[in-house]
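Participant: Start from the sequences and build out the full structure, keeping to the hints where you can.
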Amino acid sequence: MSQNAMQALQQRLGTNADELAFLEFVDDDTLAAISEAAGRELDARHDVLTAAITDGVAALPGMLGGLARRILT
Amino acid sequence: MTEQALPDLETRAELAKLAALLDLPGDQLTGLRGSGAANIRRLRRRILQSAFEGRRDRFARLERLTRLLPKAMLARLAESAFGPLLSGRLVGEMNPIRAFKIAKRLPPGFLADTAMHVDPDKVRPIIRRLPAELIRDAALILVERKDYITLGRFADALSAPAIRAVVAAVDDDAVLLHIAFYMEEKAQLSRILRMIDNDRVARIMRAGTEQDLWPEALSVIDNVDADLRGRLANIMAEQDEATLNGLVGVAHAQNLWGPVLRGMARMNPKYHRKIVNLPAVRDETVLGDLVNTAYRDGLLEAALPLARPMRREWQRVVAHAALAQGPEVAEAAMWAAHNVDQWDVAIDLFEYTDDGERDMIARLPIAANKHVLESLIATAARTGRLGLLLDFVERMETAGQRSAAEVSLANDGDLLESILDAARATGGWAAVAVALSSVEADNLGQAGEVYRRQSADDQAAFQAAARDRGVWDQLAPALEGAPA
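Chains H and U, in that order, are what the protein sequence lines are. When you line the first sequence up against this note's numbering, it's residues 16 to 88, in that order. When you line the second sequence up against this note's numbering, it's residues 436 to 919, in that order.
Since the hints were made in silico from the structure, they are not lab data. Treat the hints with care, as some may be off.
[As the list claims (entries may be wrong)] Partner residues are not named here, just some residues of chain H that face chain U (Cβ under 8 Å, in silico):
#, residue
1, F37
2, A53
3, T69
4, G81
5, A83
The C-beta atom is built at its ideal place from N, Cα and C for all residues, glycine as well.
Facilitator: Laid out in structure tokens, this is it:
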């Protein structure tokens with residue numbers, strides 16, 4: 016369990032085992048809570064950012080909006 | 436789950452920041468309490484970094500596009516189209532000078548909203564350049580929202596005028612303590628506090644004592660340089676007895692003796708008497724906790740002198756409390772006494788120990804160290820406590836007794852003369868006899884000269900004690916032999 020949660024967290028954060036090695040000594044419940052919350056937070060930020068991009072691009076005038084849309088989406 | 440001790444203040448601040456970032460209740464992170472502030476901080480920053488890395492290449496390209504736009508137009512678009520989130524991401528890709536020129540055109544409310552969406556490392560150079568009034572107004576909005584963590588994230592990046600403007604505008608001193616507690620780079624606290632006038636600093640620190648914010652106030656004291664730490668600790672020490680009693684309770688309950696001891700080590704010693712004699716201190720559990728923390732945090736050298744101004748009955752409690760922590764702590768306390776030349780305090784405390792405790796101390800490895808004994812015996816002689824020392828020596832292992840005897844024979848046996856005076860006064864002849872018997876006979880010449888200068892009554896008393904311990908036959912040739 017802890018190994019899975021740890022690997023999931025490391026993968027999600029794009030880090031290696033050494034950088035967050037201290038997590039090996041953290042109990043399973045805490046590790047699972049962190050892993051889940053970090054994933055949730057990053058997903059939420061991704062979603063919010065996607066929505067913000069959609070709204071932002073739509074609010075930009077004319078050609079600038081078109082260019083921004085092409086870059087961001 | 437077993438109850439865990441509260442972690443140190445920096446770990447607490449980091450746990451709160453991580454909990455806020457992950458939107459988790461603090462109790463779900465108790466498993467990180469022992470991980471240390473630096474590790475938790477690394478985890479938090481890694482999560483933030485991941486968040487800011489998402490689609491970063493695209494924002495970098497968008498930023499290149501925005502370079503074609505006039506700054507005034509970009510500022511308008513930031514508000515009307517991009518919004519705080521996209522603006523926060525864009526600003527992270529921008530040249531700081533250009534970002535500053537745009538940011539200074541934005542209203543404080545927008546900056547406050549954007550503060551939550553920017554990579555702190557990227558915007559520090561921008562924040563430092565922003566007008567003090569703009570920073571102040573944005574900060575007041577975040578204060579209104581009680582977003583102390585965001586405020587703390589940028590506090591150390593502010594310019595001196597901005598810091599003065601914010602401090603002048605924030606009337607609630609407790610708010611400033613909260614911000615300081617969550618500050619990202621606490622090494623900057625000294626610089627910041629020196630920008631604030633003394634009266635206000637004193638008011639801020641007093642807020643800690645009056646509004647149950649001891650941890651926040653202690654965190655400030657613990658993170659400033661030594662000189663400032665002394666000044667701030669003095670402000671705290673000037674509080675009345677009831678308030679300081681409250682501090683003792685909080686320090687005990689919240690594992691805060693480390694910052695308290697570090698603060699006391701730097702405060703004016705005139706306050707020590709007041710603090711160490713507080714009613715709440717006279718508790719064996721409290722003092723045991725304090726001693727353990729001092730041992731764990733390497734603060735015994737700072738803690739030991741605090742026993743000097745204690746009332747005798749308090750000293751008695753601290754002696755028992757310290758020794759109840761076991762031989763390892765006792766050995767460390769003895770070394771602390773030696774390192775900071777506080778043997779007189781250690782001897783004061785030794786006076787209150789019982790037989791079992793004295794036996795334990797006398798058999799510690801340090802009790803056989805000749806350099807240590809030189810210092811200890813010299814202090815005992817200087818302070819008229821050689822009688823107590825004899826009791827200590829009598830309980831030692833042979834190696835310690837030999838070292839003590841050798842020390843007493845140095846300097847033409849002057850010290851041995853004093854020790855025999857003490858033996859006469861306390862009836863401690865046996866300790867002297869046993870200690871001398873552990874020395875090679877060839878090295879007892881000096882002892883013989885001193886012995887033969889003693890009165891007949893004293894020689895008889897010494898002999899009787901030596902015979903009683905079965906060492907007279909061994910000592911007699913060296914002590915009774917004809918002078919050279």
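Participant: Evaluate each hint against the coordinates.
Facilitator: Structure-based check of all given hints:
1. F37: holds, 4 Å
2. A53: holds, 5 Å
3. T69: Since chain U brings no Cβ nearer than about 11 Å to T69 of chain H, farther than 8 Å, the hint is violated.
4. G81: violated, 11 Å
5. A83: holds, 6 Å
In summary, the structure is inconsistent with hints 3 and 4 from the numbered list given earlier, while agreeing with the others.
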